[in-house]
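One-letter residues, chain by chain:
There are 2 protein chains.
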Amino acid sequence: MRQSQLLSPTLRQAPADAEAASHQLLMRAGYIRPLAAGVYSYLPMGWKVLRHIERIVREEMDRAGAQELHLPAMLPAELWKESGRYDVYGPELIRLHDRHGREFALGPTHEEAVTALIRDEVKSYKRVPLTVYQIQTKYRDERRPRFGLLRCREFVMKDAYSFDIDAAGLDASYRSMFEAYHRIMQRLGLCYRAVEADAGAMGGEGATHEFTALADVGEDTVVTCTECGYAANLERAEAGRGASTASDAVGNGVDGDAQAARVETDENLAEDQTSKLADAQAYKLASAIAQAERFLTPDMKTIKDLVAGLKLDETAFIKTLIYIADGETVAVLVRGDHEVNEIKVKNALGADVIELADEETVVQVTGAPTGFAGPIGLKQKVKLLVDYAVAALSEGIAGANEEDYHVKHVVPGRDFAIDAAGDYRNVMEGESCPYCGGGRLQFHRGIEVGHVFKLGTKYSAALGATVLDPNGREHPLLMGCYGIGVSRLMAAIVEQHHDERGLIWPQAIAPFQVHVIPVAVKDEKQMQAAEQLYAELQRAGVSVLLDDRDERVGVKLADADLFGIPLRIVCGKSVADGMVEWKERASSEVKLVAIGECLEKVRQWEQLSLCSPVW
Amino acid sequence: MRQSQLLSPTLRQAPADAEAASHQLLMRAGYIRPLAAGVYSYLPMGWKVLRHIERIVREEMDRAGAQELHLPAMLPAELWKESGRYDVYGPELIRLHDRHGREFALGPTHEEAVTALIRDEVKSYKRVPLTVYQIQTKYRDERRPRFGLLRCREFVMKDAYSFDIDAAGLDASYRSMFEAYHRIMQRLGLCYRAVEADAGAMGGEGATHEFTALADVGEDTVVTCTECGYAANLERAEAGRGASTASDAVGNGVDGDAQAARVETDENLAEDQTSKLADAQAYKLASAIAQAERFLTPDMKTIKDLVAGLKLDETAFIKTLIYIADGETVAVLVRGDHEVNEIKVKNALGADVIELADEETVVQVTGAPTGFAGPIGLKQKVKLLVDYAVAALSEGIAGANEEDYHVKHVVPGRDFAIDAAGDYRNVMEGESCPYCGGGRLQFHRGIEVGHVFKLGTKYSAALGATVLDPNGREHPLLMGCYGIGVSRLMAAIVEQHHDERGLIWPQAIAPFQVHVIPVAVKDEKQMQAAEQLYAELQRAGVSVLLDDRDERVGVKLADADLFGIPLRIVCGKSVADGMVEWKERASSEVKLVAIGECLEKVRQWEQLSLCSPVW
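Chains as they are written, first to last, in my numbering: chain A, 3 to 617; chain B, 3 to 617.
So here's chain A without its partners, still in its complex pose:
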């Protein structure tokens, strides 16, 4: 392609609202343009890259035995009502009416549509295992679309769905997709981790993994261990019940032994013979602590206020948060330095929706404004979800359910009943690894680019998708779903492959492989060499962009850096000596290469990259 004809409008400045590097550079290089918030046009080079990513995803899906199909984006609301998601999905689901007033949703995902299809078309165990996929434009009305292609309202996704008759089949289908995802990420040259993720109501070991590309701009937090291979996202990462809280407590100067003793009262040991002994010890310890006592804490509504006002560490406090889970009001207690993990709470309750209670509810339940809730003396009886770290406290300071008052010497189990002790908090960086125990947890920012998930019978049961086994017995299909954010991947790759001058495309997805640049198009020799190379490479099937524009060399080289085509061949003064300049975008080295050897060298270079270690 000749650059003079290519629609590739560059910008000197990134738009003011572009925070992420990928957003800035894809805009500046003329790969994308916004049409509305979170709604983008792909210009020719952007679309080429996207199609290359699609191709790699498609190849690996096909290789894994998945069959490509294509479901509509206009989905009848009835389908979503059958699964129960129509009301639950909220404003992210784009809804519309047709001319007859019938309700539709624009597909944000296709579990319902694919389950209904398979329900109607697949009746026998002979037709499974079956995995189908599609690469399609999806719609989610994000509350805050941002970061360019990272969080869009209209975006390209690959979604796959597997159908099996039993758990072993689902395991195999899941593993096959899991491996295909690894191959895809590796072929795309991504630095990524497959991390354990929250499986919601499914639960179970290895029921879901996110594929997360490491990137500072990422909105996800990945937790890894410094010693073992443990990797989970923050929503999922398990808080170690013993070591970590104990060590935190030690760090905070509280009696370690007492702490350790209480820790043994946790669920896992409850049935154990030792638990009664532990309880007795704990009781003795608790009875040594002074009675709970109300005291004045004017204007101290937050942990920060209390820490400042009382000159105590955050760990001395018990935070009580009032939530509404599927309509039921509950209280969640975490230590002052911890954050509630709403996903964990939601899962523990088996709830669909959870949200912080509004002020009115807080006043109703506690009798006080927000900031003074506590487990003792609540006006309404609500379930208390007590985080392990709170259950492990010998004593703490909690809200008094009265404005400007807190209570000290609060002993969990003595002063309030622990309805459900559990892991309800986010882990903290530096904690002990819950798996190996020896390592410490590290946090990383990442972009979720893929997600594999065992759905089980959630949708097949709701929509009645069953098959008959060889004995004529009906079985609900076990499903898995597997998503890849194709357009998001494009941005994630840029986040990892760029410098201050522009994009640096991995060869596998570059819009062109070679950028041929004559320094001065009016110099006959240079232009002739460039045209010759251009023709030669094209004949050889190499995708090549020729910068035939009559522009200053500075402009041309700056645009080339911005575009990020992996190999640049500059035809400048050395053409007089039969040489051209060879520069790979990812390197700063410039070599002189004889014009006659260029094609052969390009072929070698292509081979080299095709055999890159990641693949």
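Any given hint could be a false lead.
No distinction is drawn between identical chains; accordingly, a pair holds when it is met within one copy or between any pair of copies.
[What the hints assert, rightly or not] Heads up, simulated EDC-like pairs for lysine to aspartate or glutamate below, C-alpha to C-alpha not over 20 Å straight-line:
id: 1; residue 1: LYS125; residue 2: GLU553
id: 2; residue 1: LYS125; residue 2: ASP552
id: 3; residue 1: LYS128; residue 2: GLU553
id: 4; residue 1: LYS383; residue 2: ASP421
id: 5; residue 1: LYS128; residue 2: ASP552
Since the hints were made in silico from the structure, they are not lab data.
Given chain A's structure and the hints, the job is docking chain B onto it.
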């Protein structure tokens, strides 16, 4: 691919609502399934065919120098308000609101979006000519979706847009697309015609062509000449003013000379010296006709009623239809045997929207209920659009603008003023060709599968898309738009390529090239031969489907006929003699071929089809 694993659910019966052969067969063969009216899922084989069509379209677009990009489907309403189409488009445009209440439309076409993009990104004559295209899912809320993929609400379209600085450039861009469309249709093996179509306000010779696939189920009427190459759609086909009306008149027993004389009063001759003479002659003739006279016609509201009641030919009557064009009421007069061509009326008035007046307006304008309108004695002064064939009548019978009354001896020009004589009617089969005069017009049913259109400055002017010429002067861009119904093409191809047993895919777009069928999978020799062929063909890069199902041979062959894979190789009893049966789907001939020669013969067969005369 092994058929036992392929999601390809066949149906014995087509659904009751499937009228078109393509709809029936694509459903029966398991290529598509409906999710809602006019909203389809593509199953694996259907999607393969669609992607093959896409590939051919893409290759020819690229070859023509068009650049692929991708615009959003979610289009801000503001854009459509800028072009003025938001209000005009009507209920076919699917509208929605985002979570912030902002209005969007789901793109039925992308003139606005692409014009806005080019307006913002292309400023100089150096960047044109430029043609961009996309292959995308489009949305139109059809009043009556039907015929499966032929008229959908969600469908796949290729739309291209060209931008030029002058008319010569637009001509060249248009020609380039016109030729690419011919190549596409030929590669798809379609029987089609490029027909002149209505250019709306653009007008002009060759400003728009439709590519119409001949098919009985088609909703378009193509008019061709028995002698010359003239081809136009019915909306566009010009009514010959002289010969055809005259000959019709002769056929109806009216004085041919008188008729011919009046014909000469038409617009083209108005400035001519001869016209005064003709007028004088016409006057003389008219004055010989009796005075116009009201007479009772009880319950004769339609031409059919009048023909039956008065025992006269349809040609003896003048039909008067009341229309509302952009808010203005007009009357259109056509001969009793003719139909109003609303597109012609709309174009003549330069109107955006035209519709038949409601009963209330008819009563207001005529003083009578529908069925008795006429040009004499209207209650309101409205513009009279008089078709040439009416203007050419020596006399006729028209409505009296009074219930149950008509007027006879009505002489156009004598009894009512001809505000605008013109071509306002559909041509009729058998009329003389307006171009060569010698041939007769023939009607054919067809499916519009492509449309090329010179838009001129319609959108660039509305959205302010201009470029600077070398002298720094601003020019609005001249645009062309070029659409292909990709999913509709799939159905159109089936309409032309099927028999009573199933689909017959042209090789270029078949889901698989070869269908290998072992007659009895439990026969070791047959199965071994089939497996060997399957492996060998796959290694050679031939796409092949192996029917490894343990089914009766009758079921397998019936499914094979239904699927329509172009080449079938059956491994039956003759395998014992080292032979297999070779049968092309499009032929009834069965040959025996040595197993060892199969691969070579398949290669030859592939080459043969690649060099087919249509390409």
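Comparing the hints with the structure gives:
{"no.": "1", "hint": "LYS125 with GLU553", "result": "between (65 Å within a copy, 16 Å between copies)"}
{"no.": "2", "hint": "LYS125 with ASP552", "result": "between (65 Å within a copy, 17 Å between copies)"}
{"no.": "3", "hint": "LYS128 with GLU553", "result": "between (65 Å within a copy, 12 Å between copies)"}
{"no.": "4", "hint": "LYS383 with ASP421", "result": "within (11 Å within a copy, 86 Å between copies)"}
{"no.": "5", "hint": "LYS128 with ASP552", "result": "between (65 Å within a copy, 11 Å between copies)"}
Taken one by one, the earlier hints all hold for this structure without exception.
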